[in-house]
Amino acid sequence: MAQNIIHLVNVSKNYNGTEALRNINLYIRKNEFLTLLGPSGCGKTTTLRIIGGFEAPDGGEVLFNGVNITSVPPYKRRVNTVFQKYALFPHLNVFENIAFGLKIKKMDKKLIAEKVHNILGLVNLSGFEQREIDSLSGGQQQRVAIARALVNEPEVLLLDEPLGALDLKLRQEMQIELKNMQQRLGITFVYVTHDQEEALSMSDTIVVMKEGSIQQIGSPIDIYNEPKNSFVADFIGESNIVSGIMLRDYLVKFAETTFECVDHGFKENEPVDVVIRPEDIQVVPAAESKLQGEVSAVTFKGVHYEMIVQNNSTRWKIQSTAMAPVGAKVGLQILPEAIHIMKKVTVK
Amino acid sequence: MKNKWLTYPYLVWMLIFIFIPLLLVLFFSLTVRTPEGLAFSFENFQRFFEPIYLRVLLRSVYLALISTIICLVLGYPMAMILAGNNFKRKNVMVFLFVVPMWMNFLLRTYAWMTLLERQGLLNTFLSFLGLPPLNLLYTQEAVVLGMVYNFLPFMVLPIYSVLSKIDRQLIEAAADLGADQVTIFRRVIFPLSLPGVMSGITMVFMPAVTTFVISRLLGGGQFTLIGNLIEQQFLFVGDWHFGSAISMVMMVIILLSIGVLSRYDKEHEGGGLW
Ligand SMILES: Nc1ncnc2c1ncn2[C@@H]1O[C@H](COP(=O)(O)OP(=O)(O)OP(=O)(O)O)[C@@H](O)[C@H]1O
Ligand SMILES: [Mg+2]
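Taken in order, these protein sequences are the chains called A and B.
Here numbering that gives the first Met the number 0 is used: the first residue of the first sequence is 0, the next is one more, and so on.
Here numbering that gives the first Met the number 0 is used: the first residue of the second sequence is 0, the next is one more, and so on.
Please keep in mind that the hints were generated in silico from the structure rather than gathered at the bench.
From a predicted model like this one, the values you see are computed outputs, not experimental measurements.
One should not assume that every hint holds.
Stated by the list, open to error - No farther apart than 16 Å at their CA atoms in a straight line, the calculated lysine to aspartate or glutamate pairs in the EDC-like style are these:
id: 1; chain 1: A; residue 1: LYS178; chain 2: A; residue 2: ASP203
id: 2; chain 1: A; residue 1: LYS75; chain 2: B; residue 2: GLU42
id: 3; chain 1: A; residue 1: LYS104; chain 2: B; residue 2: ASP166
id: 4; chain 1: A; residue 1: LYS105; chain 2: B; residue 2: ASP179
id: 5; chain 1: A; residue 1: LYS109; chain 2: A; residue 2: GLU95
id: 6; chain 1: A; residue 1: LYS108; chain 2: A; residue 2: ASP133
id: 7; chain 1: A; residue 1: LYS75; chain 2: A; residue 2: GLU95
id: 8; chain 1: A; residue 1: LYS342; chain 2: A; residue 2: GLU154
id: 9; chain 1: A; residue 1: LYS75; chain 2: B; residue 2: ASP166
id: 10; chain 1: A; residue 1: LYS328; chain 2: A; residue 2: GLU293
id: 11; chain 1: A; residue 1: LYS252; chain 2: A; residue 2: GLU237
id: 12; chain 1: A; residue 1: LYS178; chain 2: A; residue 2: ASP159
id: 13; chain 1: A; residue 1: LYS84; chain 2: B; residue 2: GLU171
id: 14; chain 1: A; residue 1: LYS104; chain 2: A; residue 2: GLU152
id: 15; chain 1: A; residue 1: LYS289; chain 2: A; residue 2: GLU259
id: 16; chain 1: A; residue 1: LYS84; chain 2: B; residue 2: ASP179
id: 17; chain 1: A; residue 1: LYS29; chain 2: A; residue 2: GLU154
id: 18; chain 1: A; residue 1: LYS209; chain 2: A; residue 2: GLU31
id: 19; chain 1: A; residue 1: LYS178; chain 2: A; residue 2: GLU31
id: 20; chain 1: A; residue 1: LYS102; chain 2: B; residue 2: ASP166
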């Protein structure tokens, strides 16, 4: 088993009565790229700030390489942060910003210059040493912020929505650059985002959070294919979520139709949530399927078409490279493996 | 630059109340009264560079410097406390600080006279303790005290306003990079507060170097400052020409000191700009 570099044990945090985090338990393995993912206000930043030491948890412990660091101040932690709003020092130029941490460590001047030079090359800002911060574009400031943290060679790098302010193209470039850096330098990244695509494409592990608690921890593929509940399913990628009844093991009824499935272990006739990904539904001639509907909308999305098919009681979102025109009667084919059965979430 | 005419009233105002008086002062300073009328001359300026007057100038600058330094040393920590995180007490503190400024300047200074007098409050208290009375009033220290007391808010407020605008994330970022409290202050907070310090210094030094009320009331006329000199020339001696020359010298000194300060400030803010 890979070594756990950070371990949050039963961590909770209240802000004047509102629970920002409840009982968070989380391992972060050495050298992994872990992403905290969730909607706004779910406690991602709070979790990061507790790891960085800027916020003390109200309950629970933070372990670093097995040592309890819950009450260690930030400047003594071997963790560096890339802040959501960069937080670059406006009175210092690019070189001085990046050298800030190294100077505090009383490193040799020549070595500092060399390290700053190298890291600037890494973030594609060679020759920017003497530039003032406010003369840089958002993307450049972003990369200075990353360089300023990385140059200290922390064991763990915390990144709070570092690409949030960038436009789509730059964001995609930076995603690739960040992932490369992480792999080359072998640093553990704890990354915060509320962009599920970003999380899926960059992470080794994704932690899905909602209202201060962890919903699911797993690899991107696990989370996408085996979401634990309808919240995760809905948040990660698009989904059709409908109510159904588990008739017995391997047999479920939804949309007034009975389907075979691969899930079992539910009570007989237990109400469940059924989750089906839009790309897992095939459009077939109406006669070939037991579930039929009428196409009510078609949108071209580049690689595929997105169709809305209205069945008596339900609307189905379907993604397919084949297209049926609006008004066409079609059949919907769903394979047993494409049907994900989840316990009903009572609180919503 | 549309609506240029909007600035005309202001220009007229400047002309009448600033530019013309300045010209008059300049005119007076460069002329002397002779039996035949007014004559152009540098005599007034030459006179100012006689030792007695130079000594007054030096004393003025010296006392103003001392007061400015004391104001800075007292004012910076005060500004830090005000800008700190005790939200509830903060407004009260700022209020207490500003209240004396609403009171008349003369009144405030007279109040100190009654405190420092030979039969004043402080000496009464000392004799109550069985201690001999002290000569407090009409000393150089009393003058400095008066300056510090009157001008301290002008040091605290600009520093306070700069400090309270510093982004908390910068402080967290510094801590994140390994800086302890002292280093954070030295490397981040203090450099970022320099513009406030500079304007604080200017705002204390200028009135301190030109004051004549404080030195007259608390110095008892024994410590003639340059402001007193000017006042005397105009009100008692009646030599407007010499008085104007001193005023001109004074203005040059102030302009120079502002120039030096603002250059230093700029070097710090935009160093290495290209
Ligand atoms: N300093 C604070 N004082 C009071 N409440 C706070 C504070 N910081 C966070 N909260 C609350 O705690 C909850 C979690 O906040 P947090 O900043 O961790 O969310 P987040 O997941 O980072 O959201 P976002 O994606 O919007 O950044 C929110 O309800 C927020 O309002
Ligand atoms: Mg956040």
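Checklist entry - What hints, given by number in increasing order, does this structure fail? => result 2, 3, 6, 7, 8, 9, 11, 16, 18 and 20
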